[in-house]
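Chains as they are written, first to last, in UniProt numbering: chain A, 1 to 237; chain B, 1 to 381.
Heads up, a few of these hints could be off.
[Unchecked claim] Stretch by stretch, here's where chain B covers chain A in the computed footprint (C-beta under 8 angstroms, at least three residues):
id : segment
1  : 63-73
2  : 79-89
3  : 98-107
[Said to hold, decoys possible] Counterexamples of contact, computed for chain B against chain A with all Cβ distances above 12 angstroms:
id : residue
4  : V35
5  : A138
6  : V166
7  : V205
8  : T206
9  : E232
10 : A236
11 : T244
12 : D279
No lab work stands behind these hints, which were simulated from the structure alone.
Note that CB positions come from ideal geometry on N, CA and C, so glycine has one too.
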Amino acid sequence: MALLELSDVTVHYGRIRALSSVSLSVAEGEVVTLIGANGAGKTTTMRAISGILPLSSGRILFDGRDISRLRADLRVVRGICQAPEGRGVFPGMTVRENLEMGCYTRKDRKNVAADFERVFALFPRLAERRDQAGGTLSGGEQQMVAIGRALMARPRLLLLDEPSMGLAPRFIQQIFHIITEINEQGTTVLLVEQNARQALSRAHRAHVLETGSIVRSGTGAELLADPSVKEAYLGVA
Amino acid sequence: MNAHIASRAGVRILARRVGEWWHGLSRFQQWGVLVPLVVLIYLLPVLNPPLLTTEPGTDFPIAMFNAARMALIAIGLNVVVGQAGLLDLGYVGFFAIGAYVAALLTSPDSALGVRYPWLVVVPVAMAVTMLSGVVLGAPTLRLRGDYLAIVTLGFGEIVRLLADNVEPLRGNRGFQQVAGPPGTHADGSPIFTQTGGTPWYWLVVTVIILVLVLVGNLERSRVGRAWVAIREDEDAAEIMGVPTVRFKILAFVMGAGVGGLSGALYAGQIGFVNNQKFDVVTSVLFLAAVVLGGAGNKVGVLLGAFVISYVPDRFQAVAEYKFLIFGLALIVLMVFRPQGLLGARQRLLARGRDAYRRLVGRPEQVVTKGPTPDSGRGVRT
Chain A
1 MALLELSDVT VHYGRIRALS SVSLSVAEGE VVTLIGANGA GKTTTMRAIS
51 GILPLSSGRI LFDGRDISRL RADLRVVRGI CQAPEGRGVF PGMTVRENLE
101 MGCYTRKDRK NVAADFERVF ALFPRLAERR DQAGGTLSGG EQQMVAIGRA
151 LMARPRLLLL DEPSMGLAPR FIQQIFHIIT EINEQGTTVL LVEQNARQAL
201 SRAHRAHVLE TGSIVRSGTG AELLADPSVK EAYLGVA
Chain B
1 MNAHIASRAG VRILARRVGE WWHGLSRFQQ WGVLVPLVVL IYLLPVLNPP
51 LLTTEPGTDF PIAMFNAARM ALIAIGLNVV VGQAGLLDLG YVGFFAIGAY
101 VAALLTSPDS ALGVRYPWLV VVPVAMAVTM LSGVVLGAPT LRLRGDYLAI
151 VTLGFGEIVR LLADNVEPLR GNRGFQQVAG PPGTHADGSP IFTQTGGTPW
201 YWLVVTVIIL VLVLVGNLER SRVGRAWVAI REDEDAAEIM GVPTVRFKIL
251 AFVMGAGVGG LSGALYAGQI GFVNNQKFDV VTSVLFLAAV VLGGAGNKVG
301 VLLGAFVISY VPDRFQAVAE YKFLIFGLAL IVLMVFRPQG LLGARQRLLA
351 RGRDAYRRLV GRPEQVVTKG PTPDSGRGVR T
């Protein structure tokens with residue numbers, strides 16, 4: 001059974017339709033990626049799953065239960081946590097305080113120390129900067145905070161929205177490497193990316209979004225080889 | 001101009017030094033400083049120190065009471081504006097509701113025909129304002145930023161217009177003989193009178209200390225963390241599992257309760273309530289106290305409130321120009337020190353002296369820096 005299932009999800013911003021009848025599923029343990037151009041609806045999909053945007057129609061099932069109308073904070077309790085686009089780091093909080101915010105809904109305070117260790121092991125840079133304010137970090141470091149903060153919630157499903165956006169190439173490699181590592185440690189990942197080549201090569205399955213609809217689906221390898229995907233998203237003629 | 005900039009920098013360094021010194025003290029030493037300071041604050045109206053005094057223009061104990069009342073309001077508004085980052089331009093509405101509830105329940109002019117004791121009326125006044133906070137907040141706190149500011153501005157005006165036009169609220173005629181706290185001297189004369197500011201001042205300072213303890217504890221709890229997260233990035237807070245609307249309503253209701261309390265205290269001291277004191281300008285003055293002192297910093301807003309209330313009383317010659325002066329002061333402040341005289345303490349969870357001591361001296365620490373890249377937001381709120 002799928003961990004996350006979207007069926008016919010439609011979302012509007014005012015009168016503008018941003019998503020029309022999007023259906024996709026993510027199985028436990030998978031990395032699934034959504035690729036697409038600017039404005040295709042990738043971030044909208046993420047925000048709808050997180051509960052920041054209401055659905056116009058359709059359903060979202062998580063772990064077999066309908067969460068379409070569940071409040072955003074209760075979705076975090078169920079096990080969905082997002083590292084938002086543009087990072088959304090709390091600028092006046094230190095790195096440690098930002099990571100603490102990730103545990104906001106958690107009841108098992110005992111295990112938090114271990115999770116700090118885990119995040120600092122994944123991102124040694126954050127350990128060095130633990131007492132520095134989020135707003136004074138570099139873009140790459142803020143991205144690490146955003147991912148680390150989401151991991152602190154111990155999510156069953158990690159939503160990553162454009163983790164490579166605006167990063168230096170060396171950081172991009174590192175971030176994707178860490179995503180694979182997180183997945184291997186047992187967290188299911190839904191990844192939204194413009195960096196299609198990296199995303200597709202790391203994903204088990206992938207969907208292509210175009211103007212609010214899914215136009216192509218397949219395994220990462222299939223889409224990497226797909227001529228139309230190559231032309232539109234991989235920059236190969 | 002250079003001297004001016006130098007003095008500004010001087011203030012900044014002084015504020016930082018004092019902060020570092022304070023956080024470097026042990027808890028015992030902090031009490032050693034705090035207790036004499038509080039005693040001194042309590043004694044102020046009795047001492048009536050020569051340079052500080054506002055006489056002959058204004059009775060000094062009354063001036064001190066007004067400053068303390070403004071400080072209480074600033075603490076309440078700071079919960080909303082400073083802690084949760086919600087711009088409230090209609091705070092005077094809550095203040096007015098508190099004053100009117102006190103008047104309706106204790107004045108012989110009230111159509112209700114009841115004269116409840118003051119000690120019963122104060123909690124009722126707070127309950128009614130908190131309820132009005134929920135009624136206003138529940139639908140509007142889904143709005144953000146500027147929209148919320150406009151709605152709260154409207155709320156303040158609605159309360160004022162109701163006071164103007166609803167017959168039982170008696171418009172300009174107002175309510176006489178609003179009750180004050182109980183208690184008489186040995187000779188049978190009442191302790192709390194309209195002319196004697198000192199007992200009122202002591203009462204308000206005591207209330208301020210209680211509210212500070214309550215608010216301070218909230219700040220350090222999960223609630224406080226949620227407020228800071230909402231202030232810094234509402235979307236991110238929601239994604240981290242903070243029920244943002246509920247915590248915004250809570251901040252609103254807390255602020256409303258303190259506003260109502262100060263309204264009831266004000267009505268009791270003056271002994272008279274009508275529709276004259278609850279306009280937008282008063283709201284803006286409250287907000288100016290918070291912004292001037294440093295939104296989010298409790299000591300800062302106390303200082304800001306003191307300045308806003310005390311300066312016109314002390315320097316009667318300039319009292320007429322107080323809005324001009326405060327306006328200029330705010331502009332200068334926004335240019336040189338947008339976080340206010342004492343900015344918000346940005347460190348949140350790594351609280352306590354230990355964490356602070358570990359950091360002191362490190363170049364990267366937050367507290368010693370000027371505005372963070374995001375401080376533009378601080379200016380707006």
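A quick look at each hint next to the structure:
Judged by the Cβ-Cβ criterion of 8 angstroms, the segment 63-73 of chain A is covered by chain B as claimed, because 3 of its residues qualify and three suffice. For the segment 79-89 of chain A, the assignment as covered by chain B holds, since 5 residues bring a beta-carbon within under 8 angstroms of that chain's beta-carbons and 3 suffice. Counting residues of the segment 98-107 of chain A whose CB lies closer than 8 angstroms to any CB of chain B gives 5, which reaches the minimum of 3, so the coverage claim holds. A cut-off of 12 angstroms between C-beta atoms confirms that V35(B) is not in contact with chain A; the least separation is 32 angstroms.
Interface exclusion of A138(B) from chain A stands, the closest Cβ pair being 15 angstroms apart, more than 12 angstroms. The claim that V166(B) lies off the interface holds: its Cβ sits roughly 38 angstroms from the closest Cβ of chain A, which is beyond the 12 angstroms cut-off. Annotated as non-interface, V205(B) keeps its C-beta farther than 12 angstroms from every C-beta of chain A; the closest such distance is 31 angstroms. The claim that T206(B) is not at the interface with chain A holds, since no C-beta of that chain comes within 12 angstroms of its own (minimum 33 angstroms).
Against the 12 angstroms criterion, E232(B) falls within the reach of chain A, whose nearest CB is about 4 angstroms from its own CB. Some Cβ of chain A comes within 12 angstroms of the Cβ of A236(B); the nearest lies about 4 angstroms off, and the non-interface call is violated. Listed as outside the interface, T244(B) is inconsistent with that label: its C-beta sits roughly 8 angstroms from the nearest C-beta of chain A, within the 12 angstroms cut-off. Every CB of chain A is more than 12 angstroms from the CB of D279(B) (nearest about 34 angstroms), matching its label as outside the interface.
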